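Enquirer: Spelled out from the first residue to the last, the chains are:
Number of protein chains: 2
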Amino acid sequence: MNVTDATYDILGIGNAIVDVVAATDDQFLSRHSMHKGAMALVDAMQADLIYAAMPPGQESSGGSAANTCAVAASLGARVAYIGKVADDQLGRVFRHDINAVGVHFPTEPLVAGAPTARCLILVTPDGQRTMNTFLGACVTLDPSDVHPHLVALAKVTYLEGYLFDPPAAQAAFYKAADAAHAAGRQVALSLSDAFCVDRHRAAFRKLVASHVDILFANEAEVTSLYEQNTFEAAAEMARQDVELAVLTRSEAGSLVLNGAVTLEIAAELARVVDTTGAGDAYAAGFLAGYTAGKPLSICGRMGSIAAAEVIGHYGARLATDLTGRMAAITH
Amino acid sequence: MNVTDATYDILGIGNAIVDVVAATDDQFLSRHSMHKGAMALVDAMQADLIYAAMPPGQESSGGSAANTCAVAASLGARVAYIGKVADDQLGRVFRHDINAVGVHFPTEPLVAGAPTARCLILVTPDGQRTMNTFLGACVTLDPSDVHPHLVALAKVTYLEGYLFDPPAAQAAFYKAADAAHAAGRQVALSLSDAFCVDRHRAAFRKLVASHVDILFANEAEVTSLYEQNTFEAAAEMARQDVELAVLTRSEAGSLVLNGAVTLEIAAELARVVDTTGAGDAYAAGFLAGYTAGKPLSICGRMGSIAAAEVIGHYGARLATDLTGRMAAITH
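Same order as they appear, the protein sequences are chains A and B.
Each residue of the first sequence is one higher than the one before, counting from 0 in numbering that gives the first Met the number 0.
Each residue of the second sequence is one higher than the one before, counting from 0 in numbering that gives the first Met the number 0.
One or more hints might be untrue.
Covered stretches of chain B (in silico footprint by chain A; criterion: 3 or more residues with CB under 8 Å from a CB of chain A, positions within the stretch not fixed) [what the hints assert, rightly or not]:
{"hint": "1", "region": "93 to 99"}
{"hint": "2", "region": "292 to 298"}
{"hint": "3", "region": "311 to 323"}
These aren't lab readings, by the way, just hints derived from the structure by calculation.
All of these numbers come straight from a predicted model, not from anything done at the bench.
Backbone N, C-alpha and C fix where the C-beta goes; we use that ideal spot for every residue, glycine too.
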């Protein structure tokens with residue numbers, strides 16, 4: 000990894016989304032034919048129908064890579080973000096929130112087009128979140144939004160798998176990955192969601208094998224990517240594909256595979272209120288440690304601690320200052 | 000009270016506001032010359048400056064009377080609301096949220112004018128909230144938005160004191176109060192905020208003495224209204240002025256004064272996370288009981304329980320279903 004002259008530790012690229020979170024019950028999910036725990040894409044009309052049926056909500060900035068960027072910045076990392084909001088109220092909320100934690104966000108908003116994306120999130124009493132995303136302005140993100148000089152300034156360019164859904168974003172992915180490698184930087188990918196992997200498996204397999212240095216995935220995602228029946232078999236395939244495979248398993252902790260080395264990290268104890276953003280926060284903690292040059296075991300612990308914090312409350316970003324706790328990790 | 004043929008138990012009239020809530024510290028308040036615990040009016044430019052300096056926030060529907068309406072509806076009351084949002088994203092959020100708890104909200108949005116009002120709320124570690132309100136579309140609420148036939152359908156018309164700030168709303172107040180009394184209904188007023196009382200003391204005194212049947216106020220508000228040094232002296236003046244004075248004193252509980260009768264109600268024990276909406280929720284619980292024909296002691300207990308629930312989490316509306324608990328109160 001080229002760490003000379005890096006202005007940013009992490010550059011995230013993702014769907015810029017405002018979350019609308021409401022508590023509901025399992026009946027609501029089945030009545031609307033939703034897969035619990037998954038993210039479904041909805042069009043404007045479906046979004047209106049679901050929203051009309053939803054209980055009162057709380058709005059806050061979301062987006063998988065954006066959550067990772069915000070949490071990493073809260074942990075002290077130097078972070079930039081590329082994503083497309085509209086020039087509207089929710090777009091300004093998104094920009095405010097990511098700027099307020101110190102993330103550089105240079106992407107111009109979309110003017111006179113679709114509105115800022117929103118994700119209607121139903122949280123059931125078990126803390127699971129079920130997501131319905133209306134992509135709105137996100138679908139206009141294209142390679143022209145990826146500036147190679149910005150990519151070259153970041154130690155790690157972090158891509159969210161959800162970005163494979165909007166049509167022009169795969170080209171933006173490859174442009175970013177090529178620019179990162181041309182500058183001697185690294186490329187990380189989060190698989191985001193098993194259904195998303197299923198929609199784009201061949202494209203993901205190709206990208207991972209050819210352009211990804213660090214892969215983040217949970218159990219469902221990695222087994223879906225490699226079409227394996229067991230986590231262990233999928234993990235071994237990931238080990239072959241990438242320099243660093245970081246695999247999360249909820250309360251069973253996480254696994255870091257780095258060539259011949261395998262690290263197991265126990266999960267932090269957490270009271271589960273809302274699992275939204277757990278994987279994003281794990282990646283943030285891990286990358287904040289990684290780009291600061293910490294050993295992989297500490298990176299994994301930082302990921303676990305960040306995830307546990309985010310699980311303990313509604314919302315996908317940190318509600319407490321963890322910098323002291325992170326600094327105290329010595330092994 | 001005329002309770003025949005009432006379609007609604009409560010009709011609320013207030014500033015329709017979306018809250019932007021962020022956790023901060025006392026230094027932030029002093030740096031921006033804010034009075035802790037108070038509501039200040041800010042113009043669009045001040046709102047932008049404060050927002051730019053604020054940490055990331057969570058957006059949710061607010062507004063004092065709207066909170067009361069939403070909580071009362073969640074408790075089973077039949078509720079309508081009059082307030083002015085703009086035809087924009089935050090206005091649609093406000094409408095969704097109040098509709099989702101079953102409140103009838105017939106007011107047409109403002110088109111091509113100021114945006115929906117927002118209240119920038121800073122919550123300090125002691126749970127106090129300090130508010131900065133940009134009134135936006137609210138300032139266009141005027142008597143034409145108050146339909147006398149709707150007022151006549153509600154047992155109690157509930158007015159928030161904050162509505163004295165926008166210029167045309169005092170006239171709307173009087174129109175609503177006159178329509179209520181003409182139909183044999185009752186008029187309730189919440190004083191909202193000691194600084195608001197200070198801005199409009201003479202107008203409040205006149206309204207209370209001539210048009211208000213039920214007065215809701217906390218200690219600071221009632222002493223400010225009557226310019227008394229002690230709560231006891233102010234309470235006695237309120238007793239003379241209105242049929243029912245409902246005075247809240249935070250952890251010291253509440254006092255209901257009804258002619259010769261004085262009721263003291265202990266506060267519910269609550270872990271204080273965010274006091275936003277405590278007074279609004281108290282009024283909601285009280286009025287839900289009152290319009291259901293409950294004895295005043297039960298109304299007061301319902302107010303205390305609703306307030307305790309709202310204090311225990313971020314946000315000014317109920318997060319749990321209290322209907323069973325309310326139904327179980329027998330004295």
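Enquirer: For each hint, tell me whether it holds in the structure or not.
Expert: Hints, verified against the model:
For the region 93 to 99 of chain B, the assignment as covered by chain A holds, since 4 residues bring a beta-carbon within under 8 Å of that chain's beta-carbons and 3 suffice. With a cut-off of 8 Å between beta carbons, the region 292 to 298 of chain B has 0 residues touching chain A; three or more are needed, and the interface restraint is violated. Given as covered by chain A, the region 311 to 323 of chain B passes the check, having 3 residues with a CB less than 8 Å from a CB of that chain where 3 are the minimum.
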